[in-house]
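Using the hints provided, position chains B and C relative to the given structure of chain A.
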Amino acid sequence: MAVRALGWLAALALAAGVATAFGYAPREAVQGNVQRIMYLHVPAVLTAYLAFGLVFLGSVGYLLTRRPGWDRLALAAAEPGVIFTGITIASGSIWGKPTWGTWWTWDARLTSTAVLFLVYVGYLLLRGMIDEPDRRARVAAVVGILGTANIPIVHFSVKWWRALHQPATILGPEPSPIAAPIAVTLLVNWLAFTLLLLYLVAKRTEIARLEDLHAG
Amino acid sequence: MSAYMRRAWIVVWKDMLSERRSKESLNALVFFSILLLFVFQFALGPERARVETALPGLLWLGFILAGLLAFGRTFLVERENDCWEGLVLSPGDKSAIYLGKLAGNVLLMAVVEAVLLLLFTVFFGLDFTGVLPALCLVLALGTLGLAAVGTLFGAITAQLRARELLFPVLLLPAVVPILLGSVSATQSVILGQPLAVAAAWLKLLAAADLVYLVVGVLTFEFVLEG
Amino acid sequence: MPDNWSYVFAAYGLAAVGLLAYWRHLRGRAKSLAGRDPRSRA
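Residue numbers (this note's numbering), protein chains in the order written: chain A, 95 to 310; chain B, 428 to 653; chain C, 25 to 66.
None of these hints come from the bench; they were simulated from the model. Take these hints with a grain of salt, some might be off.
Claimed, not checked - What follows is a list of derived Cβ distance ranges for each label pair:
#1 B:Glu479 - A:Leu218: 39 to 47 Å
#2 B:Leu553 - C:Gly52: 58 to 66 Å
#3 A:Glu226 - B:Ala470: 19 to 27 Å
Even glycine gets a Cβ: it sits at the ideal position worked out from N, Cα and C.
With the rest of the complex left out, here is chain A (with noise of 0.2 Å):
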């Protein structure tokens, strides 16, 4: 079956992205072999904004046709999102110990991050809330066109933030300059998880749609 396929397929992409930051990438200058962190950090939180773009390209749909087909996708999207969106704050507070010496900074990426899992947890959580399939469709629908309209506000908001209180750091997970193997591994390990998010996709709304069979 395709959804079977695009399984392999993102695995596949999975253990090239794995060697690619391992063997292929070289160690930074600065920070060292920890800098390879990024390479799962980053990606994450491409396919985190991915995922819940698809949250509100199903709740739009559901709203405006009212067909279940587009609530499936956006619940199928919540749920890895928001491990995606954990993943994330994971590596990122794990590569801050030893690069800044704490586990936790208030820099803009995470607290951004932070705030989106808050976000589309509450969502899972409220969704968890209504057991009829139409409410609980629309009103998730609602707080997922809101939880994406704010992402940009959220984001320029916590950047402003944090450039009071702070100066910006050169000290990154992201490198500077982007030297070609970097960007080629960046690019590998980013399709990677874009396909797994796919699959992960597919094979949930494949689940909700047996269970709305069942209960129907």
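The following block gives chains B and C in isolation, referenced to the frame of chain A:
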């Protein structure tokens, strides 16, 4: 007045009238603000300097906590008196109800904020007279954003068993930009800085308010079904 | 700066555990649904 605005106005008028008679929300919220003042002071300790540095944050903490109570109750009256169906079945554009409820919430918060501001002046010996217009602008923009999201989520959680838990859980992450922007702008205004310094934050608040209002107006009818 | 490989492995390890756990959770649900309805394919 167009029918739409009239419907919104009726909602505000009805809520204000029932509030003026019972005064239950207003009294409790004002008293809550007084309590908060004491809690803040006890939490921060006797040194005045600590409170003064934390002032913008404390102010908005107070507003948000009061807002959680106030906005969570937005549709309490309709729900408890079996009038929810009345809202659902009302003719025309439902977003008029949203705007009416929003206006009511903003008015309620305006009173609470005025009281809290006055209390801060008295209890912490502060003087806002020079910066009052600018401060009012910040308060207005921030409160509008809080109320826009609060009214929408208040409607969403109105029908839920776990509304007291879920309402703050949904609202607080959503209003993070409002909190950041309002506190920063308030800080700047209180320090006597020219408005231009806080301009960036005010623009952010205004943009956020616009986004939240648009989402609220467009999606409210979907919340109000059934 | 020293290499801190333990941190790198911790980060990747956590991510792997999280994703694997979710995937297995999905697989379990899919299997139980397929088991209930013989007509649906996994």
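> What are the numbers of the hints that this structure violates, sorted from low to high?
Replying inline: 3
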